[in-house]
Amino acid sequence: MAQTTSRAVRIRRGMTLPLLLLVLWEVSNRTGLVDPRFLPSLESVALTAKRELLGNDLIFDLLSSLARNLGGFLVGAVLGIAFATVLAMSPLAGRLVMPTFNGFKQISLLAWIPLISVWFGFGEQAKIVFVALACFIPVVLNTYDGMREAPKDLLEVGQALQFNARQRFLRIYLPSATPAIATGIHLGLIYSWLATVGAEYFLAVGPGIGGLVIAGRERFDMAMVMVGVVILGLVGFSLNRLAAVLESHLLRWRPPRTA
Amino acid sequence: MAVLTASEPEATRSAATPWRNRAVDALIALLLPAALLLLWWTASDRGWLAEQILPHPIYVYQTLRDMIASGDLFYHIGVSLQRVLIGFCIGAGFGLVLGIAMGLSERVEDYVKPLFLAFAQIPTLGWIPLLMLLVGIGETLKIIVITKGALVPMTLNTFAGIRNVSPRYLEVARALRFSRWQTLRLVILPASIPFVFTGIRYGLTHAWTSLVGVELLASSEGLGYLLVWGRQMFWLDTVIIAMLAIGLIGFIMDGGLNRTERLIQRWKRNDI
Amino acid sequence: MTFSTILRTAAGAAFGFALSLQRTLAADPLVIHVGYEAIGVDNRPFAEGTSAATARAGEFLEKEFANDPNIKIEWTFFKGAGPAVNEGFANDQLDFAYQGDLPSLIGRATGLKTKYLLASGARKPSYLAVAKDFGIKKIEDLKGRKVALQRGTNSHLSAIKILEAHGLKERDVQVVNLDSAATVAALTSKDIDAAFGDTQLINLAAKGSADIIYTTKGDDPRFGRNAGIIAREAFIEKNPEITQRVVDAFVKAAQWSSDEANRAAQFELWGKSGTPIPILEEYFSKDTLAYRNSPLIDDLLVSQYKEQAIKSKEFGLIRRDVDLNRWFEPKYLNRALERLKLKSFWQPYGADGKPTAS
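Order-wise, the sequence lines are chains A, B and C. Heads up: the first sequence runs through residues 1 to 259, numbered per UniProt numbering. Heads up: the second sequence runs through residues 1 to 272, numbered per UniProt numbering. Heads up: the third sequence runs through residues 1 to 358, numbered per UniProt numbering.
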């Protein structure tokens, strides 16, 4: 569909509702229309953000969450690609394992919390395992599918040239599956952030943004919860953007996928 | 928003495979679960596997039988399903309307989409503590959280579906001098049905995941609660049963929708 | 190689990948991991109300090993309370822990290899608080109401016993599973009708946010809660001397905690957990410190645990019989009492709840 409206107009329109909401928020707060316990003033949210940032360890919480997220993500992504590669390159292994894997993936991620907690205890490793699991699943699914769709003619060429497994992997499977792997990693990055929040909610207490939000709720400190929730959103957004940039960077040598 | 629109890969094996091949496939597929079960069994029997790490399969089976006999399991499943159903219907309904509105009118899209996307960025789990402060920990909380889970993918997919209607169809509609309503009813909506269906599928999956999250955090019944209960009482057999129930229901929902989706797509292809 | 070690090795590898914030690689000295089945207000790493909490805040263990640079004490406080302590034991992540009766019995029933070394916080009362203006005046009124408790903790068992004594079953109330901090939030916002607990509820009542309508204090002592210092069997077997010194330190803490001269100082120390001092005063009013902080494994304690085990099975909290006879290991306690010349410092009680002459 052709764009008929100018960019400026679109931005103005996009800003309208959020600004309106903010004004409504502030007005209803100033006039005492709502209980400040449920809707604290913008000012107190800003002050809470400042307090957490300067007085408490907001930065440390954020870094802890990010480290956890990144650690789990790396483990999950690397293991996921390796696992999927083995399955995709050996047809029998794929037929043997994939149905079971497809069954396992149906178990909601959060349902793993009790077992992971019992198996790995209260340390950091339980959280990282959980995040890794979250990332592992989409990476495996996408990598596997990408590799299974490696062009038949290329595989035949590989056979004619008597490629060994390593050559087949590096020259045929990996290049043809790169877009799918990128998609998997993108999804993995998003899921690992969800899982980081989940781990901080449901596993042992530790520094982290998820813990901050829970603590805010327990203290009935709406401002603190809001600060935490906004950070959760911002990090999620940034990770998403980062993944998109990475994806296009990785795939820059390819013609656009959709014509 | 790749998470919501990028379609998860599906088994690509064609449906035309003769049944004998399929039987062989199924047999092969069952090998691993059988082997795992055998390993689990032996490991528990021989004491390689401490009970507090994984209880004996027989024990899990007994608990399952007890829970079925006492009606507990179906009670919790029923509670969870009811919540998901209500939340999903509300979320999907709103999502459909919002998606259509944004899809049809660029103006609506410009006004609503940025705010909507900003809200969607925040993971459902993040919303729960905030909502707990606002509406408490009762049934309302659960419904809202599930609604949100279903709303986002439904809206985005419906929107994408309407925007992806081929311009050629619209030209035909114009040539036939269809009214706006006719265009919508006869051209745009039918053409976007596959997308809407993808939205329903993701919406339901998200609703189900959100349900587990909210039940873990605050509830006194449901499958998520069963998980917490098992965890706190150190009843890993109960935990495993709850996990299996969650997985099985997820599997049935996903499988059923998947099949319907494929049917619709085939019907659409034949139609054209 | 058991499954758990495989899992742990895998996790260890994963751990190596991750940019760990908490640990730096150093030559590993012996770290004694001590767990505590509670956590302070706003997740402060302190607790209150027990001699174990005194040992923590007064650094009794750290002082005991002050001259052994190779031995370190690491405390972990659990928001997930007793059930989370069991998870720690299952992973060999804990060597000692302060844990309540029900969770330790559950752990025992599930096959955790632990020993009960000495009592601590074994005579804690329970409280029942109700949301204001909900018209709940007595325990019987709880029928059909939303009642918060943390499942699998000793408070849970205590609550069931209290309900039972008033003609109610657990199923007669709508149990909402919440931890201590979440209970406070939910009761303040009236999301729940009532809650079982202790100091956090006294504090709420003092602030006027809830009413306490019942306490086990002064009522049948069997409604109360027991707890003690539990240790991992493998650790004891491997380090009997260190175990002895840990027990010595806990007994010293119990002695200090039992001395009425330290009452004010002790509440001050426990204040590190964030619980206000007047609340602690109320919590200990009418009780002698020696009664509440006795480390003795006397007939009363043993019979209480046996009864708890029977009750837990009856209530369906434990699904197997628990053998308690070899669980209690008073050897280290007795040696400590001898060494510290405290053999007659605490009054032992008989199974009937009356002082015994010994």
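Think of the hints as simulated: they come from the structure by calculation, not from any bench. As the structure is a computational prediction, the values presented were derived from the model and not from experiment. It cannot be assumed that every hint is accurate.
The list that follows gives simulated cross-link-like pairs (lysine to aspartate or glutamate, DMTMM-like), each with its CA atoms no further than 20 Å apart [as the list claims (entries may be wrong)]:
id, chain 1, residue 1, chain 2, residue 2
1, C, Lys169, B, Glu221
2, C, Lys169, B, Asp254
3, C, Lys286, C, Asp219
Tested hints:
Restraint check: the Cα-Cα separation between C/Lys169 and B/Glu221 comes to about 17 Å, which is no more than 20 Å; the hinted pair holds. Annotation: proposed proximity of C/Lys169 to B/Asp254 is violated, straight-line Cα distance about 40 Å (limit 20 Å). A threshold of 20 Å between alpha carbons decides the hint, and for C/Lys286 with C/Asp219 the separation of about 13 Å falls inside it, so the pair holds.
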